[in-house]
Structures are given as C-alpha cells and as structure tokens.
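Novice: What follows is each chain in one-letter form.
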Amino acid sequence: MAAKPPASAKAPRGRVPSGARRRGAGRRRWVGLAYAAPALALFAFIVLVPLGQSVRYSLYKWDGISAGKWAGAKNYIAFFTDPLLRDSLVHVLVLVVFFALIPTFLGLVTAGLLGHGRIHGAAFHRTVIFLPQVLAMVVVAVVWRRLLGPDGPINTALKAAGLDSLALNWLGDFTWALPAVGMVGFWINLGLCAVLYLATVGSIPTERYEAARVDGAGPFRVFLAVTVPAMRGPTAVALTLTITGALRTFDLVWNMTKGGPGNATTTPAVMLFRYAFRNPQVGQAAAIGVIMAVFCLLVALALVKLTERDK
Amino acid sequence: MQRSIKRLAPIALVAATALVLGACAPGGSGSDNKTTDTATTAGTDTTAGADTTSDTATETGDTTGTDTTQDTGSQTGGIVTDAAQMGEVTITLVDFWRDAEGDWMQASVDAFQAKYPNIHVNRVVQDWSQIMDTAPLRLVEDDAPDVLTVNNGWQSLGALAKGGLVVNLDPYAEAYGWDEFMPTTIKRQVTFTTDGKTMGAGSLWAAPSARVQNIGIYYNKTLLASLGVEVPTTLAEFEAVCEAAKAAGITPVTYGETDKPIATLFALQDILGDKDAISDFIYGSPDVKVADTGLGEAAARMLEWSDKGWFTENYQGLSSGDANAKFLEGESLFSFFYSGLVPGDQANRDEFGYLQLTQDSGLMVATGAPADNLAIGAKSQHKDAAALLLDFLMSEEAAQITVDFGYMPSLHEANVPQDDALIVQEVEAAQVTEADNGYVPYLDWTTPTMWDTVSTQIQLVLARQATPDEMVAAVQADFDAFLAEQAEG
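In order, the protein sequences belong to chains A and B. Number 129 in this note's numbering belongs to position 129 of the first sequence; there are no gaps in the numbering. Converting from the second sequence to this note's numbering requires adding 1000 to each position, the first position being numbered 1.
Simulated from the structure, these hints should not be mistaken for laboratory data. Incorrect hints may have been included.
Over the 10 Å line for every Cβ pair with chain B, so calculated as not near, a few chain A residues [stated by the list, open to error]:
#1 L42
#2 K74
#3 L106
#4 P132
#5 A136
#6 T156
#7 A157
#8 A199
#9 I204
#10 G216
#11 G233
#12 T244
#13 G262
#14 V304
Here are the in silico distance ranges between beta carbons for each label pair [said to hold, decoys possible]:
#15 A1107/B - A157/A: 45 to 55 Å
#16 T127/A - A1291/B: 55 to 65 Å
#17 V143/A - K1289/B: 44 to 54 Å
#18 S165/A - D1110/B: 56 to 66 Å
#19 D1259/B - W187/A: 20 to 30 Å
#20 T1090/B - A157/A: 51 to 61 Å
In this text, a Cβ means the ideal position worked out from N, Cα and C, and glycines have one as well.
Using the sequences provided together with the hints, build the complete structure.
Specialist: Here you go:
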C-alpha cells in the first residue's frame, strides 16, 4: 500500500510526460469533486432545488394552498402582455439608469478626482461616500421618505431658496416618484462604485501618471489615458452588482411608495411580492422570479463576455 | 466550443436533478402531511383523557389535505366543550393587537385563563400584514398556531378555507349555540361554501371577537365649536360644515394616501350607494354591477373635495398615519377612520367626537365588521381548547371587557361607561346602524386582488390619471375575471 502513493500527491507541478499528466488530472478531478461534494450538495439543496421548484411552480396556476392547475407558458406570456407587469418592467429599466449607469459613470469621475490622494481629506470623503452602503435598506427608505416628504427638509430648503415651484410632493407625484426613488438608489450605489474604482486607481503604478505628465498631458488627459483604461475590470464588477441590484429592487420601493402613487413605481419584484403573498397567484410570482433571474444571468454573462474579449 | 459544452455538462446535470427534485406538483403534498399529522397527534398528546377526543377531532375534522376540500362540513360528534375534560393544555394565539388595543386583547385572554386555569394561552403578537402574508405558509407547518387572526374575504379566509388550512367551525357553532347571539350579517362575513366557490353562504370558518369596528367620522370638538355649527348628520350638512371650515382657514378633511387607504372612499360609498347592492356585489352576485353600488359617485365626490382643497395639504405625499397625526394635533376637522383607532393613545379622548352620516333616505349604512376574526388552524392538536377560547372571546364577559377598554362591543349588550363621551357616541351610532340593518362588508373582500385594484384606482382618480367611470370599469373587470376563474374551478 505504502509503496505507491497516489499519483496526484506526487505529481510535480512542472513538466511531466503528457500521458501521466492526463491520468493524474483525471483522477485529481474526481478527488476534487469528492472534496467539493458536501458543498455542492448543500448548494444544490438550498439554491438549485428551490430554483427547480420555482420553475415548476411557474408553469402552474396555483394559489399557494389548494392543488395547482397546469398553466403552461401562460404565466410567462402574462409577464409581457399584462399592462401592469409590462409597466413594472419599464420602471425597472428607468431604475437601472439611476441605480447603475449614473453611479458607475460618476464613480469613475470621483475616483479620478480622489484617486491620487492629492485632495485634502480624501479618506474622509471616501468614508462619507461609502456610508450609504453600510446602512440597511429599510433605514435608508425611511430616512429618505422623511427627507422627501411634503414638509421634509428638501422642500423646506427649496422654499427657503425661493424655489417654491420646485417643492413637489416627490413620492406622491406620478411623474416624480420614480426618479425620486431612483435618486436614492443612486445615492446608495455611488459609494460602491467609487470604492471599487478607488481600489483600482490605487493599484495603477505612479510611473504611468508621471510618464503621462512628462509627455505634457493635463489632468483630464491623464484621466482619459491612464485611469480609464485600467477600469475595465471594476466597471464590469460595478455594473454587474448595480444592474442586478436594480433589477431586484424591492425593499426601497416597498418602504418608500408601496409601488404608488397608482402604479407609478412598481417593479417586477414588487409585483412578485404582491402575487406571492397578497393576492395568492404563486405561479405568476414564480414566473416573474424566473424571468428576472434569467435577466440577471444574461446581464452578468454579457458583462463577463465584454470584459473577457477585450483582454 | 466543444470544450465549453463539456464544461457545461455537469452544470446541466445538476440543474436537471434539481428540476426533478423540485418537480412535485404544487400543493400536492397534502396526503403525506395527513398521515404524519395523525401520527404526531397521537404521539405528543400527553394529556390524559384528551387523547380520544383530540384524535377523533383530527380524523373527522382534518382538513389539512389540500385535495380534500370537497367535504369538510360533515364533522360530527367527538367535540368536547367542557374545559375540565380537556386537561392541561397550552394553545398558541397569533394576533396583531398592540399598544392600547393590545391591552384589551390581553385583558380578554387573562379573563379566559382565570376562568379556565387548565388552559394556557401563549399569545404571539405580530404585525397585521405579517400575519396575513404568512398565514398560508405557517398553517401547513407542524407547529402551526392553534388560533390566529384572519382577514375576511377571498384574499385571506377564503383562500385558507378553500385550501382546508383552517377548521370548519359548524360543529362548534352547534355545540356552543353561537347562532343564538351571532347576527346573520356578521356570520355571513365569515362563511364560505365548502367547495370554496361562494362567500357569504355555507360553513363557518372563523369566529368574530366581541368588538365591532365601523368606518366612521371623527371630529375635533374644539374646531367644530369654533365654527359655531351643529354636528352634521347628513352629507349635505357635512359638506356645509366643510365649506365653513375651509373659509375659516381650517383643513376640513384629514387625508393622506401614500399607504393607499380606502376608509374615506368606502364611507362615502355607504352614504351614496344602495346597501343591498353593495352587499350583493361583495358576496359575488353576478346580477349586480359595481356601477350600481355608488363607488363611482363616491370617487367623484372625493375628487370634488380634493379640487376644493378640503383634504390635508399635500395629501399625495402623506400616509394616512401622517395625516391622522396632524388630525390628533388639531390641524384638521374631520377624519374618516376605523372606530377605536382614533385617538390612538386614548389619553385625549375628550377632544374628539364620533359621527356617522345617514343616507338621503334616512338610513344609516356603514362598512363594519368585527375588529378581528379568529380561525383555528387545521393542524392544531387542541382544537377543542381553541374553540373554547373563541367561544369566550364572543361572550358577554368579553363584550364588557371591550367596552371597558373604550371600544365598540358587539354580539352582546354591555354596560357603556357613561362618563366616556366618545364611546357613548360610537355605541349609539353602532346601534342605529344595527337597527337600520345597515352593515355592509368591505368592498376589498370581493376578490383576492380587489384591495390593490380599488386602492390604486382611487389614487389614479384623485391624480386625474383616471376618471371615476374608468375606476368603476377597472373594478368591474377585476370582479368579472375572478368570477370567470371561480366558474372554471
């Protein structure tokens, strides 16, 4: 037994005859799988099984209590034909702009400004910008509901500045409720994006900045020529996190507007909650969940592909 | 390409396995549950003498099986109403009463325990919406609550009864004689046919507590006195007072809408609509159109009030809670609200009065229902003890506790404390409503989605995103879709 230790244990990391490598790799894979098996089983149990169940439910018309009835693709078709659900999809796309695109862009600019550590108190600014990330979403929602209230500080400030016509019922206005919720999302995500970019800026060798400056580039040119090209990776991460976060938006909307006024701020996740718990149509809720999961997956895949190709 | 397929193969395999594992028809696990349920009942019930009764109840009244909805009304015999035969048991009660109202419920439960020392009540208090949203999930668990508060209508009790998650109370009603004191209008609110197709007829699935809650109008006595007017009794008088208040710089009507409230709309519908039409529509009569129930007229009236600036300023950005906080601080004259909820902390009761307006015909119609309805979980192992609690919460004693805490009693006469002007006014209004047979149920019970539909539509009307006629059409469409679904089965 002891005469022949397992090939995998002894296999050197360097060059080995190709045959040996293939055999070793094969066995190593199974050993590796065996090691990973408990984790995989747990993953399957808590992620894949519910996922499978959701897919299954989504094909039924089911109130969550009595026996379900086969519905085929009806729930999926409803997602794209029901005016309420379609509206919610439009709303969430607007939120993507506020939650993902604007913070990513401004995060990049912030990193450009704070990155070199030449601004006085950069660490302080960094902390302040990141702070919203640390707060629980419900707390954020409650605070902003107060801030945006008819007699809230924002309207008080606007009135004090003589801009009475701009002092709106932010969360009660059919036009402005969605952008108002979007602004809060922007406020939350800016910190995440900025910190991701700042971490990357810090890792760019100073020589490159010096070289650019020696070549006569101004601060803006330095930003475009040195900082921006290094940002592909963090951009992919920032966009993946913020876009999928935006697509899943529930807590912020639920605690700020409940999807109102009317249905002006509904998101698919809000509709999912309504269908799953309020008006028991679990099949429809599951279909919404599956569709949004697929969307998130596609976004993530597209971003990975984009950044991989450029490398 | 080939490599990536190879890499994806195991993932696909796992995904397929997961699908198979998850592939159990939704709601189809009922038969499994039933066997385990009976087994645990026999195994865990340690109370001497209670074994047999509890078992029989489980067998005959077992409605946990999601596919056994067709016949759950045939439970007979095996019921114990004598507390002494129940042994030492603990039952769990899940309810939503907090603060001042929590004191009332606790006092009722304490009185129950004092009367039946061998039955312990473990009271669990949670938010209303939390209980409503999770009821179907927690009632299938093995440690499901014995008694819990449910909402009327298709969204809550209807779904639970249809799915067999709560116990059919007909045998208990018979054993205890609940019909002797329970008015038919009240009883109808918690009845559904056992096939789960009709509301307002069939078996009893929940029991009310001895406290009724009407949608009425609270007013600020000081502000009303400052206008030098009488307490209004009709809508015309009410609007005249609002006119005068507005002219005097007082906000006439408390309103905040971000949480999508429906009290003001329903109260106006009760004044403008036909009470039989409202009831018939809510109980699913296909012969009545929502256009006949006064809903459109009520919405139009609210729009008119909004245009006249009678509502709390910036109501679009306030919740009803925000607006009522202003009302309690004396910033507005009237507030349409559920009786007992204003004033919340009970400290300033003297400052407010209560009124209900009559229709042009002179009838007093009000949306009213018991403050809560209690159902017994189908998985309860102490159904008899649970039923005893329900019986007590409907008793004369419970009605007296209700009024002693300043709330409107129901089901029995109670001695109203005459030094509390507010409760005297509230009870008087309730008595007139009762005498006029004027109680109508809540419109949102009509279908599982009706609350969303109505509460959203009234926001649209007030924002001029929809007309009252469009609102009526949307409500009718919701109703028709549900009726078609019910017919389909």
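Novice: If a hint holds in the structure, say so; if it doesn't, say that too.
Specialist: Tested hints:
1. L42: holds, 12 Å
2. K74: holds, 12 Å
3. L106: Correct as stated: the minimum Cβ-Cβ distance to chain B is 28 Å, above 10 Å.
4. P132: Per Cβ check, P132/A is outside 10 Å of chain B; nearest 23 Å; holds.
5. A136: holds, 18 Å
6. T156: Its Cβ never comes within 10 Å of chain B, the nearest being 13 Å, so this holds.
7. A157: holds, 16 Å
8. A199: holds, 30 Å
9. I204: holds, 33 Å
10. G216: Non-interface label on G216/A holds, nearest chain B Cβ at 46 Å vs cutoff 10 Å.
11. G233: For G233/A, whose nearest Cβ neighbour in chain B is about 22 Å away, the distance exceeds 10 Å, so it holds.
12. T244: holds, 19 Å
13. G262: violated, 5 Å
14. V304: With a cut-off of 10 Å, V304/A remains clear of chain B, as the shortest Cβ separation is near 13 Å.
15. A1107/B - A157/A: 45 to 55 Å: Between A1107/B and A157/A, where Cβ atoms are some 48 Å apart, the hint holds.
16. T127/A - A1291/B: 55 to 65 Å: Holds, since T127/A and A1291/B (Cβ atoms, about 60 Å apart) stay within the stated range.
17. V143/A - K1289/B: 44 to 54 Å: holds, 46 Å
18. S165/A - D1110/B: 56 to 66 Å: Check passed, 57 Å falls within 56 to 66 Å.
19. D1259/B - W187/A: 20 to 30 Å: With Cβ atoms ~24 Å apart, the hint holds.
20. T1090/B - A157/A: 51 to 61 Å: Check passed, 56 Å falls within 51 to 61 Å.
Of the numbered hints stated above, the single one contradicted by the structure is hint 13.
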